[in-house]
Every structure is written in C-alpha cells, then in structure tokens.
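Student: Chains as they are written, first to last, in the working numbering: chain A, 3 to 380; chain B, 14 to 560.
To be clear, the hints were calculated from the coordinates, so they are not data collected in a lab.
Since we're looking at a predicted model, the values are computed, not measured.
Check the hints yourself; a few may be wrong.
Here are a few chain A residues that face chain B, going by a calculated C-beta distance under 8 Å [unchecked claim]:
| hint | residue |
| --- | --- |
| 1 | Gly88 |
| 2 | Tyr272 |
| 3 | Thr274 |
Yeah, the Cβ is synthetic: ideal placement off N, Cα and C, and Gly gets one too.
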Amino acid sequence: MSAHAAPAQSPVRRGWLSPLNRRRWDNFRANRRGWWSLWLFLAMFVLTLGSELIANDRPIVVSYKGELLFPAFVDYPETRFGGFLGMPIYTSDFMVKEIADNGWAIWPPIHFSYNTRDGLQPGSGATPPSWLLSRDEACARYPLEADDPNCNWSNFHWLGTDGEAHDVLARLLYGMRISILFGFTLTILSSVVGLVAGAVQGYFGGWVDLVFQRFIEIWTSIPALYLLLIISSVIAPTFWVLLGILLLFSWVSLVGIVRAEFLRGRNFEYITAARALGVSNATIMLRHLLPNAMVATLTFMPFILSGSVVTLTSLDLLGLGLEAGTPSLGDLLFQGKENLQAPWLGLTGFFAIAIIMTLLVFIGEAVRDAFDPRKAFA
Amino acid sequence: MTVPLLSVRDLSITFGANTATRNICFDIAPGETLALVGESGSGKSVTALSILRLLPPSARLTGEIVFKGQDLVTAPPAELRAVRGNDISMIFQEPMSSLNPVHTIERQIGEVLAVHRGLRPNAARARTLELLDAVGIADPRSRLAAYPHQLSGGQRQRVMIAMALANEPDLLVADEPTTALDVTVQAQILTLLKSLQQRLGMAMLFITHDLGIVRSIADRVCVMTNGDIVETGPVSTIFATPQHAYTRHLLAAEPKGTPPVSNPDAPTIVDVHDLKVWFPIKRGILRRTTGHIRAVDGVDLTIRQGETLGVVGESGSGKSTLGYALLRLVPSTGTIVVLGNALQQRSWKAMRALRADLQIVFQDPFGSLSPRLSVDQIIGEGLAVHRPHLTAAERDARVVTALGEVGLPPESRYRYPHEFSGGQRQRIAIARAMVLEPKFVVLDEPTSALDVSIQAQVVDLLRELQRRHGLTYMFISHDLKVVRALANRLIVMRNGKIVEQGEAADIFSAPQSDYTRTLMAAAFNVAVLAPDGLPRTVEQPPTVAPS
C-alpha cells in the first residue's frame, strides 16, 4: 500500500479511515445502546483475559529470601521453598508461614483457580454463595470459625461452589474466556474460508459456481451433531480439534452472501474498467470486490460470533464439548442441571450466557445499522 | 392570464442543511404547457415531486402550492390521495423502473381506475383498452396480459402515459419522460403527449434538460439553476432574447467545433474483419442452445492512426458490445488486429501487456469509479500494473500530470469519487485511461450521462487530448450532435450490423439509408411530427458540415 501513501507535505492528507468509513463509525457511535454494549463487552473480555490475575490459587508475585518469584505464571518446585517434593500448595499453612517469614506475597483477589477444590468444604456438593450465608455459616469450615484469619473476603465463594467444590466465580471467569476466545477464533476462521469460497464462486461463476454450490448443498446435509458424537468417542476433543470440526460446517454460513455480492459486483463498470487496465483477477477481487462484500460480512460477524459461543456452550452442556474439567459456560449449565438443589449454578450460567448474547446482538444491530447505505449516505 | 390552475408561491424545499429550492414562484394556466429547464441538481425534479408531496419525509416544505384553490402543502394525506392520480398525475423518467415488474399492464392501469373511480373489472378493462388505444399501443387487447418486461422502452412509457391519463387529469407532471428513450422513440412520445394534451385540454408541467424539446413542446419556460428560477417567459422570447447569463450559457452550451483533420495516408492501427459477438439462448432442462442473440453480427472496420471513428446507433444496436469486443472484454469471433497484434489468439495474461495501449472510457462516471478508492489509487492502479518499476514518487508525479491534463487540481487526488460532480468524475475516468499513454481509446458514450454544458467541455477536452498526443479514438454514442463534433468517419449500426459507413461529413450532409435519415431527423429537428399541423415543428438551422 506504500504506493498510495500520500506525501507528508500534502495539506489535504486524509486519515486512515475513508470518509465513508468515518461516517459509518460515527453512525455506530450514535447508537448509544450498541456503543455501550461494545465497551461493556470489551471490558468483560479484557477482564476474563486476565483471569489468572483475578482468580488463582497461587500468588501473583512472591518475594522469597530476596528473590522475586511469579508463581502465577511459572511452576516452581516445592524444594525452592525448603519443602520436599512435588508442587507447592501456596494456600497451605506451611507455605503461607514460610513465605510470610522470608518475604511477602501479592495474592489475586480470589484465592481459587478454576480447578481448585476447596478442601475445607464440609462434605461434598455445592455450597451457596457466601453473601447468602451469615459470617458464622461461611466460616464454619475453618478451625477457628468466625475468628480464623483465613476466613476473609478472598476465601469466600461469592457465587458459591459447584458439585465438585470448585469456586463458581473462578470457573465463570475462565469459562467465559474460553467461550469468547473459541467464538472469536471460529468466527474469524470461518469468515476467512467463507469469504474465499464465496469470492471464487461469485467472481468466476459458471461451472465453478455450479459445482461448488452443489457441493455445499451436499455438505450442509451432513448431520454435524452425529459426526461430533462419533469423533468425540474416538479422540478427546481438545480446543483445536473441536474448532476444526465445527469449522468444517460453519464456513458455509457466509458463502451465500459473499457469493451474491461478488456476482452482483463483477458486472459493475469499475470492475470492467479494472479489467481493461489489465489488473489481475486476484487484485480485482481483493481491492475492488472485497470491500463490497465486507459490509455484508461485518454485519453478520457479531451474529456468527454469538452463534459460535452458543454452539460451544450447547456441546459442553451435552458433554460432547471440551475435555472434562475444562471450565466453560456449558459445563456450568451442566453442573446446574446435575445439582438442581443448587439453583445458583444454573442461574449463574444462564445470566452469563444471556448477558453475552444480549451484548453481542446489540453490537450486531448497531453494526448493521451503521453499514446500512440508506443511513450511511443520509 | 386567467385564474391559474396551479400557483406556486415562495416554495422552498430543504433536506437537512441542504436547500434544494429557494422561494420559487410560477403559475400554470389551464391547458398550458410550462417547461421547467435546468441541469441536474438544479432542483427541477424536486419541485415536480413537491407538487404531489411525493418527497421523502426528510424534506421540509415552506410556501404555498395552490391547486384549484386548495393549498397542497398543508393538505391532509386523505385529500392529497384524492388529488394524486386523479386531478394531477405524473410520468416518471425511467419507464423500466416506474412500472411494477410483477403485475400485468391491465392490473396496473386498472388500479388507478379502481382507486379513483371505483370501476368494476369489466368497466375498467373497457376503459383500459380505450386508453391503450389512445396512447398508440398496437393491438391493445393482446397486450393487456403483458408484463412490463415484455414491452420495449417506448411502449412502457406509453403505458405510463396511459396510467397518468386514466382519470383525465387537469394537470400532467412529466418528469423527463423521454430522457431514457432513443431519439426516434422520443419524437414519437413527444408527438403523442402534445396531441393528447390538445385533445383533453389539460395543462402540462414538463421537466427536461433538453432545450430542443422545450422549443418544440412548451408555451412558456422557467429556467432553473441551483434551486432558483432565474428567468421565466414565453418560449419564443426566451430563445430569441435570453436575459439571464445562465440562460445564455445554457443556450450556447451545445457541443461545437469540428474534429481535427485526419491524415488519409496514416497507417491503419485497428483492423477488424467479420467480428461476431453472439450470445447463446438456452432453453429447456438440458440448456440446449436454441438460437443466438446477435449483438454484433459480422462487422468489418478499419481505423487509421490519429482519426476518430464514430459509432452511432440506438440502444440495443450492438455499438457498445462492439467496443468491448475490440478490447476483448467480451468473447467474440473474427479477426481483430490492433497495432499489428492479432488479439484473438492471445491468452488473458498475454493481453495484459497490450492493455496499456488500448484504453476505454465508460459511459457512467458514477459506476466506473470504485467508490472506495481515492482518486490517486484509481488513476495509479494502471501504472502499478504496467509500469511496476516506477517508485511511489514517480507514480505520484504521473498521477498529478494526468490530473493536470484533464483540468483537475493536484490536491484532488486524495479525495474520493463521491466528492466530485459528474463532469469531474468523467475527467477522472479519462485521466485513468490517459495516464498509461495509450495509442487507441474506446470512448463508450462518455458524454451521455452528463449535462449539456458539461458535455461540451468534455468534448473539447477529448479533442484537445487527441491533438496533443495523436490519439486514435473510437467514439460510441447515440447523440449525433456530439458525434458531429468529434468524428472523422462514421459507422451507423442497427441490430448488430453496419447499415452505413463513410466520411462523417458525407453522412451528415447526405445520409444514404432510410434508417440514418430517421436518426438524423429525430436528432436534429426535435420534431413533434404533427398529424394535424397543430404542434410546431422546429427546424434547427441547417448544420455546417465539417469540411
């Protein structure tokens, strides 16, 4: 693109946004609901990206005998702290005392990670959120009960625990992160594949188009759920395996619109003009036709993203999703289904999903309206 | 003047911050034809639409539109509906899109009758037949069940007129009713409108940009520019002694001048033999080819260096397809030799090397520039393909030179096409072709989407560029006035075949074929072919043929 860079001395140099895109951006910002939803969603996303710093059973920074250690990111053997073997349990009385004697530690606000079992939990099964309990009830599990120094806010279960004594808030943070990241990756990959496939079909038309379209019709008639059942019985579905399988079927969603845009666009006069200039097919598709298709693609993206999040959640709920033990929104809902006596599990999962979906749909609506040509040119 | 039928007072229309018209006033007497003339963007169509309050909701109207004592600006929707299509009716510019493609003609005309007169289907059908007959549709009975796509452009416009006249309105608003039509059809439609007006005694507000039409059809004329009516008066006075500078400018704006004299001994650079572009018609499940649409059917032509070959014909005559086929933008058969290279055998990749020498300028400056690229990206694109060794600075310098040649300032290269007017956009399109220093340029109706005064400027520009660079043009147009100002030689096409060819001067002074004579008559005497001698036929002074 350097060829198009304007020389710096030019007085009318433009910003990086074309005027049209600037107007779309202004339209998007003018939609208060979508604009706030975007910020809320981004805040949530950034927050969950730092889950390790918020909910962890290891301190973030430890100063031990004059040495700075980062247990949240590095696995140190217990021998480092004068122990014997294995991995240190930083919440154990021994470690707390050892570190307090030889330095200091900065802990995250929640002292549980997604896989930390609260060993002091009386019996098994879910406990309600701490704010539903009196201080005596919440601290009953500690040796000194309400006077125990460990019975502090950081050790409360703000959203309760699930059937395996995991902290729900910690699992929610990690679960949202994996859901959104999965959704983003799936959306971007399937958009890229869909764009390329749609572009080729629409631009070349004829036999290419005919064969591809029939192929897509056959392909979409394969029941994806059965295929997932079969595959997950053979291999453990990790993040990337699941992504690959879902990608096999989700790329189709954009092909239709992109193909239609390219079919429409390839007879525009400026496309003929570019062909008359001798511009290659790839360049024409990339520079002249893709921007037209981008409007439709960007409009659909938030909706595809929310669809991807829902897909992963439902697979996890059915037990066909990520490996057992992985925190996810679907797993939370599954726990809620298994522990009907603990409604906070199901409610937490429900509200988390509902809020993410609502925000994404609001953002999607705002994007759609911002790209609406009748509004963009008004 | 008697009591006016329609009286517009201080009408101002604004769209947000933009003012479309400012305090315009005019009257129409019963039975009179008032022409509203102006270039695009002058506010004439907005004025026409405002009379029936058909403007989009974002428009704000102030002032008065009094029709038969009723102010339409403040009238409630129910009263407006009673006026629309009944007392005042309208014909639109584009007959392709103003008829609903999914309904038959009978239904569309019948709807107007049912809404305003409550006619039952049988009565409506009788009236529809009567109307179709009146607007000159042959064998109306068989046409009742036809859909718009089964009719030609002229027939569609006749159906629109029949719809407009269905309830014998007192005022007919015609918004550029002939602009989208070929010249010969245009003459027929104007004749029809004039004779119907005489018969029914209705008034007509005729909106056009074509002064020839005004001269032949209107009683009085209002000249509009930038939302103001700058001059009003009887047609004869305005044309004889225009007072306002803009009117004089408009009257003087027709393309003038003669093409540069070409050298008859110059080498032939384009030689085409038996060129055919046939589009197959496929039928049935097996898509067997049952026939062909012969868009270009066996054309032979040669073009010498430095000359301009004019290609004229009505829409559908295959003249644009011929231009595309020459540059191999559509597949064709036959031999094409350009600058000594046989083009047909070349692959698409091998063609690329030649494309710098063969350029094309398209008809629609709004469609031929990508709205998402800045002007310097648009002009620089060809350079990036054909002169890849240029540095960014050198390329930028060439873009600036090309812009200068077409009369645009260098700063304009950072702007986007939508920031330019139609004429400026066409200059950008010309700069895109010229920056590659081509030898042969196909000009596909480069002026037909532009206003008259802009047309003249673009024609002058093209002639200047030809003189300066020794360019060879193939100039495709349906507008004979423009062709006369540019072409050395001429071919006249009809249904994909050449009906006449020769020196432009000879053809203009003594056309040989009947078809050419009809074209010339329709183009140069915008004739209302009078059946009873009532309407005027305005002869323009005989043109001085280029020597």
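Student: To test your reading of the hints: which numbers does this structure violate?
Tutor: 1
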